[in-house]
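Enquirer: Turn these sequences into a full structure, and let the hints steer you where they fit.
Number of protein chains: 4
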Amino acid sequence: MVVILKRNAEHEKVNALMRQFEDLGLKTNLVEGTETNIIGLIGDTSKVDEQMVLANSVVESVRRVSEPYKAANRKFHADDTVVDIHGAKIGGGNFGVMSGPCSVESEEQIIEVAQRVKAAGANFLRGGAFKPRTSPYSFQGLKAEGIELLLAAKKATGLPIVTEIMDIRHLDLFSDVDVIQVGARNMQNFEMLKQLGHCNKPILLKRGLANTIEEFLMSAEYIMAGGNTNIILCERGIRTFETYTRNTLDISAVPVIKHLSHLPIIIDPSHAAGIPWLVEPLAKAAVAVGADGLMIEVHNCPAKALSDGAQSLTPDQFDGVMQSVKHLLDVEGKKILPANC
Amino acid sequence: MVVILKRNAEHEKVNALMRQFEDLGLKTNLVEGTETNIIGLIGDTSKVDEQMVLANSVVESVRRVSEPYKAANRKFHADDTVVDIHGAKIGGGNFGVMSGPCSVESEEQIIEVAQRVKAAGANFLRGGAFKPRTSPYSFQGLKAEGIELLLAAKKATGLPIVTEIMDIRHLDLFSDVDVIQVGARNMQNFEMLKQLGHCNKPILLKRGLANTIEEFLMSAEYIMAGGNTNIILCERGIRTFETYTRNTLDISAVPVIKHLSHLPIIIDPSHAAGIPWLVEPLAKAAVAVGADGLMIEVHNCPAKALSDGAQSLTPDQFDGVMQSVKHLLDVEGKKILPANC
Amino acid sequence: MVVILKRNAEHEKVNALMRQFEDLGLKTNLVEGTETNIIGLIGDTSKVDEQMVLANSVVESVRRVSEPYKAANRKFHADDTVVDIHGAKIGGGNFGVMSGPCSVESEEQIIEVAQRVKAAGANFLRGGAFKPRTSPYSFQGLKAEGIELLLAAKKATGLPIVTEIMDIRHLDLFSDVDVIQVGARNMQNFEMLKQLGHCNKPILLKRGLANTIEEFLMSAEYIMAGGNTNIILCERGIRTFETYTRNTLDISAVPVIKHLSHLPIIIDPSHAAGIPWLVEPLAKAAVAVGADGLMIEVHNCPAKALSDGAQSLTPDQFDGVMQSVKHLLDVEGKKILPANC
Amino acid sequence: MVVILKRNAEHEKVNALMRQFEDLGLKTNLVEGTETNIIGLIGDTSKVDEQMVLANSVVESVRRVSEPYKAANRKFHADDTVVDIHGAKIGGGNFGVMSGPCSVESEEQIIEVAQRVKAAGANFLRGGAFKPRTSPYSFQGLKAEGIELLLAAKKATGLPIVTEIMDIRHLDLFSDVDVIQVGARNMQNFEMLKQLGHCNKPILLKRGLANTIEEFLMSAEYIMAGGNTNIILCERGIRTFETYTRNTLDISAVPVIKHLSHLPIIIDPSHAAGIPWLVEPLAKAAVAVGADGLMIEVHNCPAKALSDGAQSLTPDQFDGVMQSVKHLLDVEGKKILPANC
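Going line by line, the protein sequences match chains A, B, C and D. Heads up, the first sequence is in the numbering used here, so the first residue is 4 and it goes up one at a time. Heads up, the second sequence is in the numbering used here, so the first residue is 4 and it goes up one at a time. Heads up, the third sequence is in the numbering used here, so the first residue is 4 and it goes up one at a time. Heads up, the fourth sequence is in the numbering used here, so the first residue is 4 and it goes up one at a time.
Wrong hints could be hidden among the right ones.
Identical copies go unnamed one by one, so any copy, or any two together, can satisfy a pair.
[As the list claims (entries may be wrong)] List time: in silico SDA-like cross-link candidates among lysine to any residue, alpha-carbon distance up to 20 Å:
hint	residue 1	residue 2
1	307	52
2	329	293
3	78	323
4	338	327
5	307	17
6	307	51
7	338	84
8	9	32
9	146	172
10	78	11
11	9	70
12	158	84
13	9	66
14	9	263
15	146	171
16	158	90
Rather than coming from a laboratory, the hints here were simulated on the basis of the structure.
Expert: Structure, rendered in structure tokens:
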């Protein structure tokens, strides 16, 4: 950490600040420039509160030079984390494909979709039981019943299931769920993250619409700090000024996160774009850029979907996308492993 | 709602879509253009799911022409909502000033700050008991004990208290709190919003960092749909590419929200800017632009604050800010009413 | 175009407005709703000034339903435009690779780089003679001499050259340049665009950092309106809140633009990311998403580059990137055609 | 400047880099940490090219600790710059109000508007002769004739005139113009800025839609580096995800720029908001936040304006705004000085 001092900062106060850092077990190094003096801090600065330093009257600004996350940091964990769910793996050369409808609507619907996505090559079934909707007047999901229906589809197809938690009070309902999803809007719901750190299920953590890559990794760190290291990250678009697409897919986030962290990262082109004909090119780009998987919305009848129909593929369209994806995976030497649930 | 049809959309399918709308009790009106045909929908379209319409194969795009919120909409509630907490009012010409430390740290601290901000003219005490922090290694607040200390400060000064809820499971701890704050990161924690709709306490709802004004009002609508109409909105900066300030204060949001909604809206210049010397000019701008109040961080010793010290004012600095603010409030004919707790 | 009227708009004024539209040769269609009335306009609305309509006292808002661009619109020109420079083609299945240093620095440097990028498979040489720099104290390019050196490299290698114009007064200097680049900062330098519409050289138009896809196509339309239809578009990252990468590559812009327009579009991963190790994954993603080409910075000695060294590849690194790119191009059935200058 | 080194950077290469800095006349200071080593650079680093440093194989990242602008920096020029145009002053407690139509349309129109805005208290007449329009099919301004009409209005009213230059080849036409405006889209048209640095007219420099405050000041620095120090900055809204307003007024930029620079800064609420009823609250906020002036669009008949009618005020509306503004200026102790042209 580098502390930039104000011009004409009083010597005495600077010395007091340096002693304060030394009391925290850090070594300090004062560099006196022509215009600006700085203090270099040596040691574990992850617990130094930037805000407190900034509030000191002699401080102009503060720059971190090392990452504030440890457990999620590749520097301290060089090998790729591989999340393994009954044999379906994500990370380390294994590609995961999570597909299914935005909302679970009926047993018939979810089983039909599950069979179709499995046949096309997906190795996970996703479906919403609890649905975050901008409007209180929109369909809010089948809730507990939705989870029952997902479990029925799992039984019918053997696909592990992924579904979103919206309230930590519902955690008990997720005991047979294979992967618990934390949605973009809850990426910084810190109390939920802490609690999930103490459960022993894989977590699919989606990036918030306005969150930096560093904040994204800090949210993973929240879960990991509790002991749960089975985390799959998911880039699903960020909010920008562009309005043609629903969000802007930050595809660079994939290689950046693979550089900074050992955690697997997948892409959700359905939410990123919000347009079904963009799913195929973006899914192909996801493979090419090095993502560890995809999450794609598929609905048996998008025009009658109770939510997000606009961005869902039909099973036939999904077949086409998966052919392209599998073709590219061969080129990249990656494979999709099916689970044996 | 206006539905723009694809070029060469088949007549039959367009008719089927129109019948679908008519089945929802809407009147339809087909306008045939030279390049594009559109369907105008007449009636209450707030329950029409845009996504479902977009998923129809003949639809190019959909444009809403009326707002999706009803309870929060000024069109259906012309008069300003005035939130009244033991006589301290916000809205309708009454200005509220909520001040205090980011985190409650000790009884001595919170009472000292409460006395100072009251003396300076604030009519609410704010303080964090549960703290949302980006890092799991940062101080997370005194929690239940923090609320006890706020209540002690309320007893000592008569100031109503405002504090943030981070987990709806904690709601019981808030039974003596006067205003429950929903933080920016929870603005779309819909399960929390629904629950707060059923409690009978005023809610201070902060705008999310990446949320539009319409989404902000939809989150208020979530609470109001449950029956709780005592809502104070708070603009606290949005995320943009500018990095000099912590966030970018969207000051235009104040007159826009006053135009669209009857709910009171205040400004938090401390979080918007993240820099103490920006609080005074932004607080003055808040009064001038027509805000109904301010939330300002004040700490007895910012350089020792356990969180957000960098943006806190000292009590002496706050005295200066309040003099400027009160001067401008006189010009605008607004007043700060003290509570009689 | 759909004009949404204010509630309680006076009948007379609405009629006057409708007559105004009819005077412009448009047909009008009044749709009376329960809450809102709208006017649908039929005919060529591309010349209707939205601002003027919005200024009418009965108008609440205006929504375009057809694109404001014509010449660049795929609706009126279904086939891909192929830009052909002495046999090196871009568009319609032909992939263009433009490589070279940010700044031309010396004859030796530019010829060495040209030979290396040609050997690696690039079919264009790019290099900056006039350099847009944020600081007036930074190196501003070799200017006219830089163009001379590029021409020398063209002579030595047969690669057509691409270089940026920063001031339309310099146009004469570009008479032997093969492709004139308009930089991101000049995307809405409308006087320059108009002038380039009257020259007969291919134009490489880069997207502005804060410009929407629609504005990007409108800038192409400016050039095309003058008669010059040889335009290559280039996505090079937009500005967002994320700071890890220099900009955020908007990869979705490629399939969106290919849907909306017939013009070829390439990707510049060097400027989008600003980090050399991101060039390879982003270049691969560019091929997979369907881009028509790449622009990549290559410098013989990045650490001594007079500008943008940080994001440049060495020739050896570029060899590696091109191997991956060519491998994927084979999969996609696209080819790089060399010029015969 | 602080250079953060990669972990395990080879000693020899680090030494070579340090010698490289020393050759530029800088002192270096190596700080060896537990995780990271850094080099602190002492001396005038404004000419060090960050990109070139970043390209060195031992460098992880670079952080500037002093501002890259000198002439525009308040650290080297403590007193407010006051721009004086025939007695109408901007800066140092003097408030400037620039009003008039987006486009000059006719002699009658511009003289009528000039008389009305002068009567209301404006001390500058603004009007567009050359108009930057997103569409090539929109009205592009009266050009040279527009400047003639502005001069006629100046003669009739004594108001100094402000008008935008879009092409540096037109500079001769501006010989009798009092203030030359550089529009947002040309903020980084560096060749234009350099040229304007050599002319002896005050420049009104508007902030680009996606430009940081630092880049804004660097563009002022470009002009100042040429010798022209008469610069008025103008904040006119930046581009964000919010779509209700045309842009997002970054009101914090005013006190930030007054902190960093001695140059005067005004606000343009018309372009920032794009909605006439937002002009008054934003103009009041501009005064309260400490701006040195306002630029406001006024048109005799907005609904017939050839450009930007939607955001223009009528002269009667402008009278009302100016009453509020003058009232607040009294409170702030600032004055509007009329020119004696």
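Enquirer: Now, for every hint given, state plainly whether the structure supports it.
Expert: Hint by hint, here is what the structure shows:
no. : hint      : verdict
1   : 307 x 52  : between (51 Å within a copy, 10 Å between copies)
2   : 329 x 293 : both (14 Å within a copy, 17 Å between copies)
3   : 78 x 323  : neither (39 Å within a copy, 25 Å between copies)
4   : 338 x 327 : both (14 Å within a copy, 19 Å between copies)
5   : 307 x 17  : between (66 Å within a copy, 15 Å between copies)
6   : 307 x 51  : between (53 Å within a copy, 12 Å between copies)
7   : 338 x 84  : within (16 Å within a copy, 37 Å between copies)
8   : 9 x 32    : both (16 Å within a copy, 19 Å between copies)
9   : 146 x 172 : both (13 Å within a copy, 19 Å between copies)
10  : 78 x 11   : between (38 Å within a copy, 12 Å between copies)
11  : 9 x 70    : between (25 Å within a copy, 13 Å between copies)
12  : 158 x 84  : neither (28 Å within a copy, 51 Å between copies)
13  : 9 x 66    : both (14 Å within a copy, 16 Å between copies)
14  : 9 x 263   : between (32 Å within a copy, 13 Å between copies)
15  : 146 x 171 : both (13 Å within a copy, 18 Å between copies)
16  : 158 x 90  : within (16 Å within a copy, 59 Å between copies)
Consistency note: the structure conflicts with the earlier hints numbered 3, 12.
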